[in-house]
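Enquirer: If you read the sequences in order, they're chains P and F.
The first sequence stops at residue 337 when you use the working numbering, and every number in between is there.
The second sequence stops at residue 1210 when you use the working numbering, and every number in between is there.
Don't take each hint at face value.
Derived Cβ-Cβ restraints for the label pairs, each shown as a range [what the hints assert, rightly or not]:
#1 F:N1180 with P:E126: 38 to 46 Å
#2 F:P591 with P:E126: 55 to 63 Å
#3 F:G903 with P:D205: 52 to 60 Å
#4 F:R778 with P:S179: 52 to 60 Å
#5 F:A1004 with P:L219: 51 to 59 Å
Just so you know, these hints were derived from the structure itself, not from any lab.
From the three backbone atoms N, C-alpha and C, an ideal C-beta is built for every residue, glycine too.
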Amino acid sequence: MNLKTSYLGIPLKNPLVPSASPLSNDKDMVKRLEDAGASAIVMYSLFEEQIIHENNALDHFINNPGNINAEALSYFPEPEVYHNLHAEEYLDQIRDLKETVDIPVIASLNGSSKGGWISYAKNMQEAGADAIELNIYSIAGNPAITALEVEDIYVEDIQTVKKSLHIPVSVKVSPYFSSFGNMAVRLEQAGADGLVLFNRFYQPDIDLEKMEVLPSLDLSSSFEKRLPLRWIAMLRPHLKCSIAATTGIHSAEDVIKMTLVGADITMMASVLLYQGPAVLQKILHEMTLWMEEKEYESLEEMKGAMNSASVSDPSSFERANYIKILQSYRLNFMGKL
Amino acid sequence: MIKQNNGMNKMSDEMVTLDANEATAYIAHKVSEVIAIYPITPASTMGEWADEFSMAGKKNIWGMVPEVIELQSEGGAAGTMHGALQTGALTSTFTASQGLLLMMPNLFKIAGELTPSVVHVAARTIAAHALSIFGDHSDVMAMRMTGMAMLCSNSVQEAMDMALIAHSATLESRIPFIHFFDGFRTSHEVQKINQVSPEVIRKMINDERVIEHRNRALSSDKPVIRGTAQNPDVYFQARESCNNFYQACPDIVQKTMVQFAELTGRHYKLFEYHGPEDAERLIIILGSGAETVHETVDKMNDNGEKVGVLKVRLFRPFDMRSLIEAIPETVHSISVLDRTKEPGSSGEPLYNDILAALHENRSESWKFFYQSPRVINGRYGLSSKEFTPPMVKRIYDELKEIKPKNHFTIGIRDDVSKLSLDYDNTGWNAEKGVFEGLFYGLGADGTVSANKNSIKIIGDNTDNFAQGYFVYDSKKSGATTISHLRFGPKPIRSAYLIDKANFIACHQFKFLNQLDVLKNARHGATFLLNAPYHENEVWEHLPHEVQQQIIDKELRFFSIDAFKVARKNGMGTRINTVMQTCFFAISEILPKKEAILLIKDAIKKAYGSKGEKILQSNYAAVDNSIENLFEIKVPKIAESQLTMRPPVPLEAPDFVQKVIAEIIAGNGDDLPVSAFEADGTFPTGTTCWEKRNIALDIPVLEPDICIQCGKCMMVCPHASIRMKAFTGEELEYAPETFKYMDAKGREWPENTKISIQVAPEDCTGCELCVEVCPAKDRKQVNRKALNMAPIEPLLEQEKKNWEYFLKLPEYDRSALKTNTIKGSQFLQPLFEFSGACSGCGETPYIKLITQLFGDRMVIANATGCSSIYGGNLPTTPYTTNKDGYGPAWSNSLFEDNAEFGLGFRVTIDKQQQQARELLLQMNGSIDAGLKNEILNADQSSEPGIYEQRERVAQLKAILANAGTHEARMLSSLVDYLVRKSVWIFGGDGWAYDIGYGGLDHVLASGRDVNILVMDTEVYSNTGGQCSKATPLGAVAKFAAAGKRVSKKDLGLMSVQGGHAYVARIAMGANDMQTMKAITEAERYPGPSIIIAYSHCIAHGYDMKHGLKQQKLAVDSGYWPLFRYDPLKIEAGINPFQLDSKAPNIAFKDYAYNEMRYMMLSKSNPKVAKELMLQAQEKVNERWRIYEHMQSVYEPDKKEEWLSNNADVDN
């Protein structure tokens, strides 16, 4: 079966790509993923804010207790050179992965400042990354900032990064825009070579014992794929750039569905964390069986076969869909009575 | 770090700005193969530099990176040095004071075996009636008999030069050297000096001698035996066999000095005379004081006097002939000055040598003097006491007298033995063209680092010579720093503090109320003030005394709101950049524009690698500073109604008023000898009089939310939040804002009220109490029962509330459940307001112990943080209850604390036994019932002890009336009939390293002592050097690349002895277990050891999270809590109880909250990752061992084992 696809202009042997997760932190694990069938790997995210915070803390806690006591002029031996103030370790890992595996390596960058975006992205490119995934992560909680202002920030960020790179750039975003369809097009126009739909946030929880807010992230469930599924279905006809589906992709069925609505690749993490790399082989095998059964000869053939432009009732992906579900529920409920 | 020349230097291409410790370490590192180190103030930084040089891969002159190895004590360092020397390595070490004493036995051996080597010493006072970290020659003078050559440096430049001369001469002469300079005054003085180039160093070391040294090494390839035992027949002769080497040595040193001069142009002599050829009066001296004398001599001779100074450089071997030859024949009176005291001697060491030389000159006739010189001896400068030109002049004046005073002291007022010379400190001015600046700052505001930076800027970019010296107070939180900066066209010889400054900067407005900062302002000087006021309002906020001095001295007065500028630029309370910019803007040392460029350049060097953001905010702060700096127009009359605050409240006791207050006010130098007890005794409980006011925010109680759990009191490191229970009637005269609550719980009688009160002037604002507070407002969970609020509007009302609170009666101890957290926190802390760091992790344990047992405890305290915050003047924190009972405290040494405490126990047991026997023998006069009750009293609980105290009081009264000799004898011992609690306090440096042998012995002694190890996992007091308690993967000094082996498990090792009660505790993880362990340990009739997790500033995070980190340490399994109680074995109960649960977080989730772990991931991510994995494995492994331990001791398992092995027994 021909499962070949193309993402950000890079040909891939199949649509299965492990998304940004701690798995990519381990070279051996990445090798195992490749062996199990992964067609590319997205590295865990480099958080610019985190780096800046750590560097400031380093400066603060090394220098501030200094020169306050006659017996202890300082409390730490300060090395002459730091090797990882600017994420050198991450860059080393890119180099390392490039040597270890043959599949494309996509670096992931979560930045906040303009200067930072460019310098880190450039460094990643120089270290050998095949592409960069910009993980633009912000909660628009400030009531003084308008939707347009938020959107402009995204657009500017992409434009700035694109200008300084020659490798392709994808953008991973959340669905929380008032007009996501328009936003997606703007992202593409700004230069994004691909969209990764969607980002999952750390969702805070509450510890009832301590009465404290807990930052947490639960692994996804298959159910959650419905959100990207709908949006990819709706947007595919309007976008030329690549689309990666992510969130809630756990099985061959999920991959098939995403491909049918038009995703070029499907990204997964939770299922790999649950079940290990071998699940990739299983998914590929089951996909192949299904495609054979449905007499598809290649993935390309199947791609987008059920997007909003290809289904008989495009509105089924839109609001009407919602009403129908509610109605059907009621019917069910009545029926049982 | 040795800075490379940046090409902008105008004087020479080899000028560097550094202190003597760095200068010395630079040389030692270049010419050593092995360096054995151990931290001790003020020598620690030499070891730190050597370690950092090796860590950075810097090589010695043979192209190798020297091996730097840390030992468990100076004794260990000397032993390792001896061994390394005997096997042929070029070896050196660094030390001071007690450390040098610990090296002494090996120094005899090293010298006896003619082994070339150098011990670099930052000479420091040896502890006698008191410890002192400061400088004098008592340590090096104690080494005179060892056979070590002794070479002295008088300045930072000389420290570098003599270090090399010592290393070169030791190889040539085979005599090992002590190279020394004055601790702090020279070791920590920053000077602009010429750096000896590696080429010169290379030329100064003769490889032939290196090879000879190697050829003498012990080797199985050509074996010899060294270190034999000799008998009366030969020892004497063999000991005399080294004489020729000692005779040759001075000449070798002089030749080495000549060689050095040829290479560098800097000339030195064994005895260096400075002054006119026809001088009449002479001072002979060694050390930094010689430079002050040199400076004075020049000025006096300019005024037509004929005085000279002889600087002694090579003190051993003492070359009498060279000395005599260096003295002008016109000299008729000599004063020999010693910076040490040898009580009961015929004179101090140098004096006796000079007398001997002059005497021998009479028979040997090396030199003819017109008039046989009269010689007097004087002591000066003990413990870094100031030694100034007026004092020098006074000594020269004394030498004019027909009968000058001999064995005098100078610099103090001795109204007891009348030995001191009076002197007039006024009328002496610095040389023209010398800029003298004083900067008053707080440790945390960056003043000292800014000044060090300014010296480098001026040193590197102008023709000026530069000197910086920094005075710190002895507190670890809210410490005041005074920076003394001199700049001038000639080398600066002034080895004393500035007392007439032409620039004074006060970086903290509140100092104006506490310290006379303008006392040392010269007429017409410039005064820069950081004031939180608009420029039009600054003047009216100044105290009257300050206004008057500004007017009288016609000062130029500038003001800036530096905190506003710093905050605006995201720099918090760090005002270093702001104040530095202002200094350059108005001092005119450099053109303003150039100075600003240079500051920015320095900022770039310091922060450039740490990101653009830090850089930009610093740049912006520089620019904003100039905009916010204003010259204040000074009115003609001082109209301020505000006055400076007295150093202690007027109601303080007499001794506190007369002595302590003077020390607090900075006038300690003026106190006469008679102010002090001759044996070093001081009253306790004096911190309560020193109101430091260092908190910016204090906790505020919300009584409606408070659940009265007592946790806030328990964790407060400074005992500045307290809880009392009292009856409602007591509230009659309470201030309006005094907060109280109805007592919660059935244990309280009706109408019991509870108050939780903060001591606003003693709180340091650390926030631990707020962090630990578990009570939250149900309607708004961010509102706790305690919340921090700015102190300013609360201060006056809370001062009144605190005063009122103190007057409320203490609750009856015997009515409290003192074994609970809550109950214990109604007990009065007998350890309060120490100078420990804000948020200290050690002091809450000490405070808790004093609450529980303080009224009957004696404490032996190892040297370290706990001895400094526990016993450093001016004020000390151990205090008494209303009956006058409280902890008695003493510090012996660093290395012997366990044994010291054991001595307490042995005495107490013996005296109790004597008292019991005497009491038994007292027939008739004492009621048999009382006698019986006393002898058989149950003192296992608070009420039991209370009752025994009452009985003993009765007995005392009877004895006082008896009037017999027996009664008097018993009277002197009777207090021992009340149970005493012996505690041994110390840190991990003591318990794991230097004092471990003694600790081990005391644990095996079976005697009833209680040991508290406050484990901060580094040598905190000396700045965070690695100890055997330092965890794997953490960075510490001497483990800059991360500790590679895991922490020693002192807990398990102590358990395995089998006789001691052992507990590992962490208050922040489980306060109840802490409570239990302390109570059980005290009750245990044999030795007990408690290892307490103590978060520390040296871990690198905000101390307010200390308790959380303790919890994470336990949750990760890194710090398993346990108690091992041998008594339980008898009762058939498992003596080993694991008190914490299996790990539920990864080690890294605990570790990476702390900079000590995090920084390795920044400096060496690969190694960091590897060590973190190993650390996790170790945590897992240890946890398995602990789980296993628990089952090992389970009684049923023991029976099972016995039944399984029954046939073995048969």
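Enquirer: For every hint, state whether the structure bears it out.
Expert: Against the structure, the hints come out as follows:
1. F:N1180 with P:E126: 38 to 46 Å: Taking Cβ atoms as reference, F:N1180 and P:E126 lie about 39 Å apart, which means the hint holds.
2. F:P591 with P:E126: 55 to 63 Å: violated, 43 Å
3. F:G903 with P:D205: 52 to 60 Å: The hinted range 52 to 60 Å holds for F:G903 and P:D205, with Cβ atoms some 57 Å apart.
4. F:R778 with P:S179: 52 to 60 Å: violated, 41 Å
5. F:A1004 with P:L219: 51 to 59 Å: holds, 54 Å
Going down the numbered hints, you'll see the structure goes against 2, 4, while the others check out.
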